[in-house]
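Next come the chains, spelled out residue by residue.
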Amino acid sequence: MLKVNNIEVVYNDVILVLRGVTLAVEPRQIVALLGANGAGKSTTLKAISGLLRTQQGEVTRGNIEFDGQRLDRQAPDDIVRQGIVQVLEGRPLFQHLTVEENLRSGALFRRDGAAVLREDLERVYNYFPRLRDFRQRTSGYLSGGEQQMVVIGRALMSRPKLMLLDEPSLGLAPMLVQNIFDIIRRINRESGVSILLVEQNAHVALQTADYAYVMENGRVVLDGPAATLAQNADIKEFYLGLTAVGERKSYRDVKHYKRRKRWLG
Amino acid sequence: MNWQLVPQQFVTGVLNGGIIAIIALGIVLIYRSSEVFNFSHGQLVMLGAFLTWWFAGANEDGKEIFNLPLWAAIPLAIAVMAGLGLVIERLALRPMTGQPLLAIILMTLGLAQFLEGATAIVFGIEPKNNFPSPFSPSDVITIPFPGAFNDAIILKQALLATFVVAIVAALLFMLFFQYTRTGLAMRATSADHELARSVGINVPRIFGLSWGIAGVIATLGGVLLATLTGVEVLNLPNLPNLRMINASYGERSHLWLH
Ligand SMILES: Nc1ncnc2c1ncn2[C@@H]1O[C@H](COP(=O)(O)OP(=O)(O)O)[C@@H](O)[C@H]1O
Ligand SMILES: [Mg+2]
Numbered sequence: 001m002l003k004v005n006n007i008e009v010v011y012n013d014v015i016l017v018l019r020g021v022t023l024a025v026e027p028r029q030i031v032a033l034l035g036a037n038g039a040g041k042s043t044t045l046k047a048i049s050g051l052l053r054t055q056q057g058e059v060t061r062g063n064i065e066f067d068g069q070r071l072d073r074q075a076p077d078d079i080v081r082q083g084i085v086q087v088l089e090g091r092p093l094f095q096h097l098t099v100e101e102n103l104r105s106g107a108l109f110r111r112d113g114a115a116v117l118r119e120d121l122e123r124v125y126n127y128f129p130r131l132r133d134f135r136q137r138t139s140g141y142l143s144g145g146e147q148q149m150v151v152i153g154r155a156l157m158s159r160p161k162l163m164l165l166d167e168p169s170l171g172l173a174p175m176l177v178q179n180i181f182d183i184i185r186r187i188n189r190e191s192g193v194s195i196l197l198v199e200q201n202a203h204v205a206l207q208t209a210d211y212a213y214v215m216e217n218g219r220v221v222l223d224g225p226a227a228t229l230a231q232n233a234d235i236k237e238f239y240l241g242l243t244a245v246g247e248r249k250s251y252r253d254v255k256h257y258k259r260r261k262r263w264l265g
Numbered sequence: 001m002n003w004q005l006v007p008q009q010f011v012t013g014v015l016n017g018g019i020i021a022i023i024a025l026g027i028v029l030i031y032r033s034s035e036v037f038n039f040s041h042g043q044l045v046m047l048g049a050f051l052t053w054w055f056a057g058a059n060e061d062g063k064e065i066f067n068l069p070l071w072a073a074i075p076l077a078i079a080v081m082a083g084l085g086l087v088i089e090r091l092a093l094r095p096m097t098g099q100p101l102l103a104i105i106l107m108t109l110g111l112a113q114f115l116e117g118a119t120a121i122v123f124g125i126e127p128k129n130n131f132p133s134p135f136s137p138s139d140v141i142t143i144p145f146p147g148a149f150n151d152a153i154i155l156k157q158a159l160l161a162t163f164v165v166a167i168v169a170a171l172l173f174m175l176f177f178q179y180t181r182t183g184l185a186m187r188a189t190s191a192d193h194e195l196a197r198s199v200g201i202n203v204p205r206i207f208g209l210s211w212g213i214a215g216v217i218a219t220l221g222g223v224l225l226a227t228l229t230g231v232e233v234l235n236l237p238n239l240p241n242l243r244m245i246n247a248s249y250g251e252r253s254h255l256w257l258h
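Here the protein sequences come in this chain order: G and R. Per our numbering, the first sequence starts with residue 1, numbered consecutively. Per our numbering, the second sequence starts with residue 1, numbered consecutively.
Be aware that a few hints might be false.
Stated by the list, open to error - What follows is a set of in silico ranges between Cβ atoms, one per label pair, in the way DEER data are often shown:
#, chain 1, residue 1, chain 2, residue 2, range
1, R, T182, G, G140, 18 to 28 angstroms
2, R, V14, G, R132, 50 to 60 angstroms
3, R, L175, G, I15, 42 to 52 angstroms
4, R, Y179, G, Q82, 42 to 52 angstroms
5, R, G98, G, R19, 44 to 54 angstroms
6, R, V14, G, R81, 24 to 34 angstroms
7, G, P174, R, P100, 17 to 27 angstroms
What the hints assert, rightly or not - Only some residues are given here: those of chain G computed to face chain R with a beta carbon under 8 angstroms:
#, residue
8, E89
9, P92
10, F94
11, T98
12, E100
13, S158
14, R159
What the hints assert, rightly or not - These stretches of chain G come out as covered by chain R in the derived footprint (C-beta under 8 angstroms, 3 or more residues):
#, stretch
15, 69–80
16, 101–111
Hints in this document: simulated from the structure, not taken from any laboratory. This one's a predicted model, so the numbers in the text were calculated from it and none came from an experiment. Don't be surprised by glycine CBs; every beta carbon is placed ideally from N, CA and C.
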């Protein structure tokens, strides 16, 4: 369904950030994209959603295909129209708008009537019942977890075929992270939405995903079924912070393995 | 200072505020959606008034092309100015996307000069005191006010009417921003361009639209103003301090559009 073919991305005409990234997402799949800070995960998502342009970035080599259509020359709003929506890192909201206005903003490009939109809002409120009570609240005052619900709900309002989620767990308490990922799985199963998930929390990402890619320095260095990667010794040690016997390692030990990071390539 | 004049001055001042508010709304609209301070808004106000005057056939030199009643001349001028707003955005502003903000703002200054010059060439620089106002200067309402000068406050009907129209128009725009999809798209865009793009809003189209609506608002303000003062190339764009008022008003306008 989505094919990213060996793309190279350059910012401001000089800064080479992606050096040949290839990945694929099949219908109804959840695919995780893992990697350390600065590896180029967000850049990969923005190349797909077309938002690269607003940051003076450009795909200079390779191409991106979605259902047989070339994406890498299209404007972001056209890409949303084709069924790909990106949930940006840091769960940005239209802070002065209410929760419901935020949700509705995700469907503004659609031509559907009020009744259809009402139904879609109901679908979002069914996934996130708490938002129903907060619908008239100014979204900027919500807690981090609630804000994450709003941005995922807003993305759902576009009726996507593929959702690009950028670090949904960032800064959330572990319980909330579980909660959010449960809902991501439900959305995938019940609404048939494919998901490309960027995470630093490799543990929960590998639990959730069917397939995973590991990025380092603008390249994909490892990929495979999520279950297989979760068993991979290096992934375990470096990303999951587990030793062979399955205990959580201390920060000092993990730091030691950071030096081995390059070895993954 | 003659304290007896204060009640009259106060009331007149408040009523004048209605027009200034409606004119400022056009500047605020563009400023909030695209961060561009539009220095040519005063010229758009002037041009809107001139077009209305022209469509109403008011030059009375026997060479009028149009001779419409005022109720038809105003909507026609509004439509033309909305189109002009769209064209200006498309031809002058959009090609500058990605340029430094200062360059874009300077472009609006250039635009101001251009519109002023073009209007002077087409319509002449002599003042037009024959704007087809439905009111005559002697239409006044006298409200008894003991202690004021002559124990009364005198309201020009024209001023009162422009105030009411300005308030109603401002309310309508508020409703538009609050309750329509396009209004929501404009508020979302004004909050965050990248985020607006990420949810599928066509941000360049919203910029175009805000220029189109600014053209509508400018014409409305121009007509209201011309009803009171007539039209003149040199006067309307340079309403005393209007630019300054708008500048500070624009900065504090977050409540208007969010
Ligand atoms: N707009 C930009 N302009 C220039 N460089 C950028 C820009 N955005 C990201 N980068 C650089 O690209 C690299 C990858 O960034 P990013 O894709 O955000 O990584 P990740 O999401 O994996 O943390 C980093 O070195 C970052 O500094
Ligand atoms: Mg990132």
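Next on the checklist: Of the numbered hints stated earlier in the document, which are not met by this structure?
Outcome noted: 2, 4, 5, 6, 7, 8, 11, 12 and 14
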